[in-house]
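Novice: I would like the entire structure built from these sequences, with the hints used as guidance.
Listed in order, the protein sequences are those of chains A and B.
Taken in order, the first sequence gives residues 1 to 639; the numbers are from the numbering used here.
Taken in order, the second sequence gives residues 1 to 325; the numbers are from the numbering used here.
Since the hints were derived computationally from the structure, they do not count as laboratory data.
All residues carry an ideal CB built from backbone N, CA and C; glycine is no exception.
A portion of the hints provided could be inaccurate.
Unchecked claim - Label-pair distances were calculated between CB atoms; the ranges are:
#1 E311/A <-> T145/B: 43 to 49 Å
#2 P28/A <-> P14/B: 51 to 57 Å
#3 D320/A <-> Y315/B: 55 to 61 Å
#4 D92/B <-> E135/A: 51 to 57 Å
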Amino acid sequence: MERGTRSRGAGNDTVLRVENLKTYFDTPEGTVRAVDGVSFAIRRGETLALLGESGCGKSITALSLLQLVPEPAGRIVAGEVWLGDQDVLALSERDMRRVRGRRMATIFQEPQTSLNPVLTVGLQIREALPDVADERAARRRVIELLESVGIPQAPERYDAYPHQLSGGMKQRVMIAMALAAEPELLIADEPTTALDVTTQAQILKLLKELQRQTGTAVLLITHDLGVVAEMADQVAVMYAGQIVEFASRAAFFREPRHPYSQKLFRSLPNRLKRGVSLDVIAGAVPRLDQEFRGCRFLERCDFAWDRCRAEVPRWLEGADKGVRCHLYDPPADRAAREPGSLANAVASEGTARRATPERSRGLLEVKNLKVYFPVQRGLLQRVVDYVRAVDEVSFSVPAGRTLALVGESGSGKTTVGKGILQLIRPTAGEVLFDGQALTRLSERELRPLRRQFQVIFQDPYSSLDPRMQVGEILEEGMRAQRLLGDARARSKRAAELLAQVGLPASARHRYPHEFSGGQRQRISIARALAVEPRLIVCDEPTSALDVSVQAQVLNLLRRLQEELGLTYLFITHNLGVVEYLADEVAVMYRGRIVEQGGAEEVLTRPQHSYTQALLAAVPKIELPAERTALPVSGRDGRA
Amino acid sequence: MLAYLIRRLLYAVPILLGVNLLTFALFFFVNSPDDMARIQLGVKRVTPEAIAQWKAERGYDKPLVYNDKAAGLQRVTDTIFYRHSLRLFAFDFGRSDEGRDIGYDIRQRMWPSLAIALPTFLVGVLAYVTFALILAFFRGMYLDTVGVVVCVILMSVSALFYVIGGQYLASKLLHLVPISGYGGGVDAFKFIVLPVVIGVVSGIGGNTRLYRTFFLEEIGKDYVRTARAKGLSEARVLFRHVLKNALIPILTGVVVVIPLLFIGSLIMESFFGIPGLGSYTIDAINSQDFAIVRAMVFLGSVLYIVGLILTDFSYTLVDPRVRLS
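Specialist: Pasting the structure below:
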């Protein structure tokens, strides 16, 4: 780890150069061009962020570099991957093994599953060490590595199993493993996506620090603009298997050029966009099993014109930047295209802020809520202690307003949600819904009341019954609450609900797996709305979704609140969402609320040290000025 | 850890009690002592006196659970339940309806059973895991496809066919080993080989396919990708990373049968004329000797419960997540 950085200087020594990489998958539906002609280069000590949404091919690009594309479906059909002066795609599997781990190491997204659960942490790092003869030297080296990634009591941790470490610690172990052989290139595939924001900040800091020490080049794969802002030197935006824009970080954040990049920024929720609909990227990523005759972003682009339909956009290379868009191609007859249309579209959605509700009494009032879980030990399983998951939590949500409950995983925010819905019976305290103490009601007395408070869960993939058609899912609640007498009326209502959330009525006869994540979350929302609730507990409703889809769901929730006067308890760890949507914020830490108040107040002038730490940990995104949607000056886009 | 084990053992007590009660109900309520006597003595020419005598000889003339003619503690102890069912807990199996000492028989007969079942089990597990690993190694390739097809064919053939076919081939045609029978000492080997081979072969199809799925499931997991990204060889990935994890589901099915090896296999033993507990049970069923059948049902249940406890215990050895929580 003692390699100096000074001697290298900022030379132009390219570590990795990828040329026209193509990775295809053979599926029963045809050949999917997951990676379709990707080229980029990374220099020593530099971080290139490969930014894109799920399914754009960024992870497959990384696996292609390592030649670890899932076989036999996937295959690299063309391209070159030069690591130093070696084309690694030309290497045999045997020689490739000497490249993996030693010259190109990887950190994967999910530290929970990326470590072998039955082997000790030390052993797993030790495996990544190249040729160590002496067992004791190897152990010393592993402990050194553990120390270098900031794991306390490293000698004892050597014999720990992964499950004994926290998520952040596991990711540190992954980093130690990746750095064991001092690789020239480190591929970090969504290294912090599964982590809390404060842990993310630590891990990103560690990565930067280690990179400074070792001069490793980093290929950072992420969907998170915040992480890009924090880490990257260069940014490559990927869309539908291709890189559509390349720029330095500063240039990218100052002025994203590709319409898709611009959309990504515009779909991010934040304080400035309160009360305004977020810009959404309409439609979906095109199927990659087709031949493209025009631009891949065509269907979703606000600027598309005839040429985009007829001609595949070229890669327009500038000095240290590039873009794949006809807008920047000189012969474009851009005169007809008015760049103002995007801004107008946003403005026309209306900027009306919600009217302040007249009622002051909370629709939902939580008083000294406690949820304890017993800890049982010993032969007779006696209760020796309690886990205070929720301890003395009090707040109130006025009707028609949104309270955001913010905190990291394990802080007890989901348990509060369940405690309110009486899905867990609280240990102590009161939950008053419209003045009625839910905590004192029996299961039976609760049932008719349940229609008034509904819930939307985080994971739209597992929260809908896969064996039920969407129509049945929507009607089940109505039937249970005996809302509409006959099946006809229910079915009609289901169609209305689907229309309300922007899905066709024909969706009733389909199964959840036929829908995308965003659509499923719309179904979840429709299901909650089916019984006409007054309060909806939204438990991380967008954290499993891509930013552009998140924008759609947030817009929908906001619109429904305006139309139906719904009250939201919004459980989230995403502060951007809070800024955008919440009227009030309660910050939870270890089962207690450490700070609460108006959203503006708490987020701009945090009082509690934890809130301050939480806000400081959020990567800052300098938003590009909303003014330019297009390079009106026109001169910086030429090839 | 110790507390965990003790707790598991304590859980077994009510289960065994339940098993005992159920066996008792099955053999004495559903099928009354009178019925037993009639079956044993021949249904047609049986007199009430003969039945009474038959029952008295075997102690079946007592009341089932409560003796109101006796005094004090005897009211409970001088009953069929106490004498015939509760004593099973002390492994006191009593006498068979023919008058033989069941305990003695079991002690004698478990050795031939073990001599067949144990090698079948050991060789089998080793063979299935090996074959499954080979198929997993060549997954998606020609060999794997062929292997799976062969497995399905082997699975589809009845175990009886293997027995009869094996006997015909190895004994009748090739004269390698005797068709059936059993001998002590060195002699035992030639009697054991054929049943063991057939036992292993008849299980190959199903088990190899099952273990192969376990391996493939593990191979698809993220930590395997991590191991590969480290530059480990495929063999090392399979043996070090995959095998250890796949052992967890494999153990579930394997450890539980270990105690049951003592009572052998009904089919194999009766076909090969092995004087083990399997053929003992079959014979008892054929001759309607309820005392033996009852004893074997109870013994089987006890061993099964022991097997379940062993399985839980074996998890703690291979899975560190269980070990420490």
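Novice: Indicate whether the distance between the beta carbons of E311/A and T145/B respects the range 43 to 49 Å.
Specialist: 45 Å, holds
Novice: Would you say the C-beta atoms of D92/B and E135/A sit inside 51 to 57 Å of each other?
Specialist: 56 Å, holds
Novice: May I ask you to test the hint 55 to 61 Å on the CB atoms belonging to D320/A and Y315/B?
Specialist: 57 Å, holds
Novice: Taking the Cβ atom of P28/A and the Cβ atom of P14/B, is their distance within the range 51 to 57 Å?
Specialist: Distance hint for P28/A, P14/B holds at roughly 53 Å.
Of the hints listed earlier, there is not a single one the structure fails to meet.
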